Amino acid sequence: ARFASEAAASRAATLQARVDRLELVCEALLHVILKRDLCTREELTALMIQIDLRDGVEDGVASADAPRRGAPLCRRCELPINPQRDACVYCGAAIERGPEAPPPPRAVRTVHCSRCQKEVEEQRTYFTGHGLVCERCNATP
Numbered sequence: 010a011r012f013a014s015e016a017a018a019s020r021a022a023t024l025q026a027r028v029d030r031l032e033l034v035c036e037a038l039l040h041v042i043l044k045r046d047l048c049t050r051e052e053l054t055a056l057m058i059q060i061d062l063r064d065g066v067e068d069g070v071a072s073a074d075a076p077r078r079g080a081p082l083c084r085r086c087e088l089p090i091n092p093q094r095d096a097c098v099y100c101g102a103a104i105e106r107g108p109e110a111p112p113p114p115r116a117v118r119t120v121h122c123s124r125c126q127k128e129v130e131e132q133r134t135y136f137t138g139h140g141l142v143c144e145r146c147n148a149t150p
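The sequence shown: position 28 = 37 (this note's numbering), numbered continuously.
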């Protein structure tokens, strides 16, 4: 049991080091992209959503799984859609709903700022090396 515990702790430390390194790389890339005006935060967010939807589910995880069978597809571009959205994130086509199914209420996603710990709307946060931070914390050094 002791050996298994030590092996698990070692594996966890290795994984944490990899996550920390990836976070650093992502932050550096984000700064380069934004500083060189290669795209806007909004464009980057849209691209992240498109990548997230590759498996047919908008869940904040980039899955390597094949698209889920039965995932709804856009009628124009035939790529996976999130039926809770008003438009396809790939081509912008309106997401059609049958008359029997009113649009589902759009939930506002909230997250906790990694600095001040306040709950804020996800869309009002910035990705930093310390995780998502609110607008106030992002404005202060």
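Check before you lean on any hint, since a few could be wrong.
Unchecked claim - Distance windows between CB atoms, simulated:
{"hint": "1", "residue 1": "ASN147", "residue 2": "LEU56", "range": "27 to 35 Å"}
{"hint": "2", "residue 1": "ALA102", "residue 2": "VAL66", "range": "15 to 23 Å"}
{"hint": "3", "residue 1": "ALA18", "residue 2": "TYR135", "range": "29 to 37 Å"}
{"hint": "4", "residue 1": "ASP95", "residue 2": "ARG50", "range": "34 to 42 Å"}
{"hint": "5", "residue 1": "VAL70", "residue 2": "TYR135", "range": "18 to 26 Å"}
{"hint": "6", "residue 1": "THR54", "residue 2": "ARG145", "range": "36 to 44 Å"}
Don't read these hints as lab results, they were simulated from the structure.
All values reported here derive from a predicted model rather than from experimental measurement.
All C-beta atoms, glycine included, are put in the ideal place defined by N, C-alpha and C.
Against the structure, the hints come out as follows:
| no. | hint | verdict |
| --- | --- | --- |
| 1 | ASN147 - LEU56: 27 to 35 Å | violated, 21 Å |
| 2 | ALA102 - VAL66: 15 to 23 Å | holds, 19 Å |
| 3 | ALA18 - TYR135: 29 to 37 Å | holds, 33 Å |
| 4 | ASP95 - ARG50: 34 to 42 Å | violated, 20 Å |
| 5 | VAL70 - TYR135: 18 to 26 Å | holds, 20 Å |
| 6 | THR54 - ARG145: 36 to 44 Å | violated, 20 Å |
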